[in-house]
Amino acid sequence: MPRLLHFASGCSEGLTPLTAFDNALREAGIDNLNLLKVSSIVPKGARFGPRPDLPVGTLVPTVYTHVVSNLPGEVISAVIAAGVGADGGVLMEYHHKGPADDAQRVAQAMVEEGFARRGWKLEGVHFASSEHKVDRLGSAVAAVLLLDSEEVTP
Amino acid sequence: MPRLLHFASGCSEGLTPLTAFDNALREAGIDNLNLLKVSSIVPKGARFGPRPDLPVGTLVPTVYTHVVSNLPGEVISAVIAAGVGADGGVLMEYHHKGPADDAQRVAQAMVEEGFARRGWKLEGVHFASSEHKVDRLGSAVAAVLLLDSEEVTP
Amino acid sequence: MPRLLHFASGCSEGLTPLTAFDNALREAGIDNLNLLKVSSIVPKGARFGPRPDLPVGTLVPTVYTHVVSNLPGEVISAVIAAGVGADGGVLMEYHHKGPADDAQRVAQAMVEEGFARRGWKLEGVHFASSEHKVDRLGSAVAAVLLLDSEEVTP
Numbered sequence: 002m003p004r005l006l007h008f009a010s011g012c013s014e015g016l017t018p019l020t021a022f023d024n025a026l027r028e029a030g031i032d033n034l035n036l037l038k039v040s041s042i043v044p045k046g047a048r049f050g051p052r053p054d055l056p057v058g059t060l061v062p063t064v065y066t067h068v069v070s071n072l073p074g075e076v077i078s079a080v081i082a083a084g085v086g087a088d089g090g091v092l093m094e095y096h097h098k099g100p101a102d103d104a105q106r107v108a109q110a111m112v113e114e115g116f117a118r119r120g121w122k123l124e125g126v127h128f129a130s131s132e133h134k135v136d137r138l139g140s141a142v143a144a145v146l147l148l149d150s151e152e153v154t155p
Numbered sequence: 002m003p004r005l006l007h008f009a010s011g012c013s014e015g016l017t018p019l020t021a022f023d024n025a026l027r028e029a030g031i032d033n034l035n036l037l038k039v040s041s042i043v044p045k046g047a048r049f050g051p052r053p054d055l056p057v058g059t060l061v062p063t064v065y066t067h068v069v070s071n072l073p074g075e076v077i078s079a080v081i082a083a084g085v086g087a088d089g090g091v092l093m094e095y096h097h098k099g100p101a102d103d104a105q106r107v108a109q110a111m112v113e114e115g116f117a118r119r120g121w122k123l124e125g126v127h128f129a130s131s132e133h134k135v136d137r138l139g140s141a142v143a144a145v146l147l148l149d150s151e152e153v154t155p
Numbered sequence: 002m003p004r005l006l007h008f009a010s011g012c013s014e015g016l017t018p019l020t021a022f023d024n025a026l027r028e029a030g031i032d033n034l035n036l037l038k039v040s041s042i043v044p045k046g047a048r049f050g051p052r053p054d055l056p057v058g059t060l061v062p063t064v065y066t067h068v069v070s071n072l073p074g075e076v077i078s079a080v081i082a083a084g085v086g087a088d089g090g091v092l093m094e095y096h097h098k099g100p101a102d103d104a105q106r107v108a109q110a111m112v113e114e115g116f117a118r119r120g121w122k123l124e125g126v127h128f129a130s131s132e133h134k135v136d137r138l139g140s141a142v143a144a145v146l147l148l149d150s151e152e153v154t155p
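Protein chains in written order, with our numbering: chain A, 2 to 155; chain B, 2 to 155; chain C, 2 to 155.
The shape of chain A in the complex, shown without the other chains (with noise of 0.2 Å):
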């Protein structure tokens, strides 16, 4: 059971798609950890934190979105909106071809959409954003870590 979330995004320029999205994770600061793929609830009484110091290699359940494009002068994002309340939480995912406030518009109508369908109030929604204007290869990576609390070394 997760109890810590950590926020994060970042994006990049790389010579192939795999490697500009490798260095957005970079970018992002979370380059050197496995990252498994989850689908996207908070748990109640989760906290929100920066990112411990954990070893290379470190597993770590992530709900991620990134978006890649080689059209210069295209601007890419992706965006994580984290609603929270009482009850616990939802994480809603939105990644296009467009400015980051537009997908945090998307995104933060899912959570809202998430919260009336649980019947749970909504408290407050809080975003991993990022936007990139492509270069020659670029990626955009939002992300939100899902850690155990005695992860973090105080």
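A hint or two may mislead.
A pair counts as met if it fits within one copy or between any two copies, since identical chains are not told apart.
[Stated by the list, open to error] Below are the DSSO-like pairs computed for lysine-lysine, each with C-alpha atoms no more than 30 Å apart in a straight line:
| hint | residue 1 | residue 2 |
| --- | --- | --- |
| 1 | 98 | 38 |
| 2 | 122 | 45 |
| 3 | 45 | 98 |
To be clear, the hints were calculated from the coordinates, so they are not data collected in a lab.
Treat the numbers as computed from the prediction; the structure is a model and nothing was measured.
Use these hints to put chains B and C onto chain A, whose structure you have.
Quick look at chains B and C alone, frame taken from chain A:
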């Protein structure tokens, strides 16, 4: 090593593809978990059982598949077939834009091929199966959760 | 934290895309495991070794990639390149409809970019690599399993 398998399926409408999927997970009773997508083996000796009461945000390895459509009137379906025998079993997933009984036939044939290839004797096939007729934007989901027996409170 | 890496690769025909993939996993010796897809870091100090004897259905974090084709005579390949150094390493995956040696060159170049970006010194590159000439419907898979050392029975 998971020891308990729980079958779940559901379908729903939503305002976006992601929230339609989230709503279908809710109908399946598994919307408040963090699903880790896995491929797709039934451990030897695993048993099937009802959904245990898991806290919001629990990480659960899950075999799942889903389909989304925004064509009003279209029938969509998602199926997991679980073939079981003395040596273990295989889980095969299939989704399409068509009825669930057709999807079940495809998934069952894949289970039979998987058993034949392994030289295992197939003793039975179970399905998680969902079918939905789209109103505006709908999703159907089928899932098999791979749980520890200890997670079940008797 | 995984400490042992096992390389696996295989290819096969099948009656459907999913069973061709399953059969290719069987040729790779990893068809009876539940693979959790991860991205893609070699822990510092990890070593490489043979496949331990794991029970049917064991959950194993795995970096994998695969390709499917139903064009008779087409050559398909799937490759994971593992770059290693004193600080850790990176795993880069590539699959395409073409020969494995081309895929290895692409994957190696991505490893080199990943090391350069991190400021790490590359000491060696290892490959999991698979190539297949399609008969009717074929799949090629490459995988690196991330295991605990304790899972190995000496």
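Taking the hints in turn, this is what the structure says about them:
Proximity of residue 98 and residue 38 under a CA criterion of 30 Å is satisfied in both settings, with 22 Å inside one chain copy and 26 Å between copies. In the homo-oligomer, the alpha carbons of residue 122 and residue 45 lie at most 30 Å apart inside one protomer (13 Å), although the nearest pairing across protomers, at 43 Å, exceeds that limit. In this assembly of identical chains, the alpha carbons of residue 45 and residue 98 never lie at most 30 Å apart, being 33 Å within a copy and 36 Å across copies at closest.
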